[in-house]
Amino acid sequence: EAGVAQSPRYKIIEKRQSVAFWCNPISGHATLYWYQQILGQGPKLLIQFQNNGVVDDSQLPKDRFSAERLKGVDSTLKIQPAKLEDSAVYLCASSLGGVAAGELFFGEGSRLTVL
Amino acid sequence: AQSVTQLGSHVSVSEGALVLLRCNYSSSVPPYLFWYVQYPNQGLQLLLKYTSAATLVKGINGFEAEFKKSETSFHLTKPSAHMSDAAEYFCAVSDLGQGAQKLVFGQGTRLTINP
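If you're matching them up, the sequences are chains A and B in order. So for the first sequence, this note's numbering puts the first residue at 973; every next one is plus one. So for the second sequence, this note's numbering puts the first residue at 224; every next one is plus one.
Calculated directly from the structure, the hints in this document are not laboratory data. Every residue, glycine too, gets a C-beta built ideally from N, C-alpha and C. Hints should not be assumed to be uniformly reliable.
Said to hold, decoys possible - Distance windows between CB atoms, simulated:
| id | chain 1 | residue 1 | chain 2 | residue 2 | range |
| --- | --- | --- | --- | --- | --- |
| 1 | A | ALA992 | B | GLY239 | 44 to 50 Å |
| 2 | A | VAL1045 | B | SER237 | 43 to 49 Å |
| 3 | B | PRO338 | A | LYS1043 | 23 to 29 Å |
| 4 | B | SER303 | A | ILE984 | 38 to 44 Å |
| 5 | A | TYR982 | B | SER232 | 21 to 27 Å |
| 6 | B | SER237 | A | LEU1042 | 27 to 33 Å |
Stated by the list, open to error - Chain A is nowhere near these chain B residues, computed Cβ spacing over 12 Å in every case:
| id | residue |
| --- | --- |
| 7 | VAL242 |
| 8 | LEU243 |
| 9 | LYS272 |
| 10 | LYS281 |
| 11 | ASN284 |
| 12 | GLU287 |
| 13 | LYS292 |
| 14 | SER293 |
| 15 | SER303 |
| 16 | SER317 |
| 17 | GLN324 |
| 18 | GLY329 |
| 19 | PRO338 |
As the list claims (entries may be wrong) - Some chain A residues near chain B, calculated using beta-carbon distances under 10 Å:
| id | residue |
| --- | --- |
| 20 | ALA974 |
| 21 | VAL976 |
| 22 | SER979 |
| 23 | PRO980 |
| 24 | TYR1005 |
| 25 | GLN1013 |
| 26 | PHE1037 |
| 27 | GLY1044 |
| 28 | ALA1065 |
| 29 | LEU1068 |
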C-alpha cells in the first residue's frame, strides 16, 4: 500500500515570497490533516479536511496560509507571503475516519526554510 | 482544550537498559492517547494507542504504555533499549476541535542510546 506522498521535500525561499506544498493521501482515506512542526516542538494542527470539506482550521493563519482539497483526494497548502517564523516542516497526514477511528498516517514532510 | 506535557526533552540510556519516557495529559474525561515515533527525516509512525480498553497497551518494537487515570499519565516503556530505538518520541492526546476530534502533540522527547 502506498503511503502519504508529499512534495517538495525541501524548499528555500526569501521572506515575502510564496510557496506551495502538495500532499497525496493514502487511497480511500477520507480525512486529511496538515501539521506544522517547528524545530524542537511537536506538530501543531493547521487544518483538517473531511473529504473536500474543512472541519477545523482554527489554528491556520488565514491572512497568509490557505489550503484546499478540491476533489476530496490530494491537497495543497500555500503560504503567501512567507515570514521567517514560517520556517518549519509541514507534515501531511491521512486517516480512514477521524482520530477516534484509527491512526493517522504521516508523510515524510516538506521542510521550508525562509531566509 | 487538551494539552500534553512530556517530561524531559532529551533522554539518554545505555543499550540494554530500561527506557522510560514520561507523558502527562490534561483531561477531565478519559481521552484517546497515542505515542508516535519519528526517525530522522521521516514522518511520524504510530507506536501504540489507548482507546479506553485495557490500561496496559502493547505496541510495536517492544514498547508498551500504561494509562493511569489517577495520575493523568501515559508513560512509555521498553525493558531493554536497542540502538535502533534512537529517535524522537511524541505523546499525543485527542481533543475535540472545531468540528471533529484532532490530535494534540507534546513537544517531544529525543531518545539517545549509548553503546
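Structure-based check of each hint:
Taking 44 to 50 Å as the suggested C-beta distance range, the pair A:ALA992 and B:GLY239 conforms, at roughly 47 Å. Checking the proposed 43 to 49 Å range against A:VAL1045 and B:SER237 shows it holds: the Cβ atoms sit about 47 Å from each other. Separated by about 50 Å at the C-beta atoms, B:PRO338 and A:LYS1043 break the suggested range of 23 to 29 Å. One distance hint, 38 to 44 Å for the beta-carbon pair B:SER303 and A:ILE984, holds here, with the actual separation near 42 Å.
In this structure, A:TYR982 and B:SER232 meet the distance hint of 21 to 27 Å, their C-beta atoms being roughly 25 Å apart. The hint said 27 to 33 Å for the Cβ distance between B:SER237 and A:LEU1042, and at roughly 52 Å that hint is violated. Its beta-carbon lying about 19 Å from the closest one in chain A, B:VAL242 satisfies the requirement of being farther than 12 Å from that chain. Distance check for B:LEU243 against chain A: the nearest CB is about 19 Å away, which clears 12 Å, and the non-interface claim stands.
The non-interface label for B:LYS272 is inconsistent with chain A: the shortest C-beta to C-beta separation is roughly 7 Å, within 12 Å. The claim that B:LYS281 is not at the interface with chain A holds, since no C-beta of that chain comes within 12 Å of its own (minimum 15 Å). Here B:ASN284 stays apart from chain A, with its beta-carbon at least about 15 Å from theirs, past the 12 Å limit. Even its closest Cβ contact with chain A, about 17 Å, leaves B:GLU287 beyond 12 Å, as expected for a residue assigned away from the interface.
Listed as outside the interface, B:LYS292 is consistent with that label: its C-beta sits roughly 18 Å from the nearest C-beta of chain A, beyond the 12 Å cut-off. Here B:SER293 stays apart from chain A, with its beta-carbon at least about 23 Å from theirs, past the 12 Å limit. Annotated as non-interface, B:SER303 keeps its C-beta farther than 12 Å from every C-beta of chain A; the closest such distance is 25 Å. Once the 12 Å rule is applied to beta carbons, B:SER317 is inconsistent with being away from chain A; the minimum gap is 5 Å.
Once the 12 Å rule is applied to beta carbons, B:GLN324 is inconsistent with being away from chain A; the minimum gap is 4 Å. In this structure B:GLY329 is not separated from chain A by more than 12 Å, as the shortest Cβ-Cβ distance comes to only about 5 Å. Here B:PRO338 stays apart from chain A, with its beta-carbon at least about 26 Å from theirs, past the 12 Å limit. The restraint placing A:ALA974 at the interface with chain B is violated, with a minimum CB-CB distance near 14 Å, outside the 10 Å limit.
Among the interface hints, the one on A:VAL976 holds; its C-beta lies about 7 Å from the nearest C-beta in chain B, closer than the 10 Å criterion. The beta carbon of A:SER979 comes no nearer than 13 Å to any beta carbon in chain B, farther than 10 Å, and the hint placing it at the interface is violated. For A:PRO980, the interface hint is violated, the least distance from its beta-carbon to any beta-carbon of chain B being 14 Å, above 10 Å. With its C-beta approaching chain B no nearer than about 8 Å, A:TYR1005 sits inside the 10 Å limit, and its interface hint holds.
A distance limit of 10 Å between C-beta atoms decides the matter here; for A:GLN1013 the minimum to chain B is near 6 Å, and the interface restraint holds. For the restraint placing A:PHE1037 at the interface with chain B, the shortest Cβ-Cβ distance is roughly 16 Å, beyond the 10 Å limit, so the hint is violated. Interface hint at A:GLY1044: violated, since its Cβ lies 15 Å from the closest Cβ of chain B, which is beyond the 10 Å cut-off. Taking 10 Å as the C-beta cut-off, the interface hint given for A:ALA1065 holds, the closest approach to chain B being about 8 Å.
The beta carbon of A:LEU1068 is not positioned within 10 Å of any beta carbon in chain B (closest approach about 13 Å), and the interface hint is therefore violated.
Comparing the model with each numbered hint stated earlier shows that hints 3, 6, 9, 16, 17, 18, 20, 22, 23, 26, 27 and 29 do not hold.
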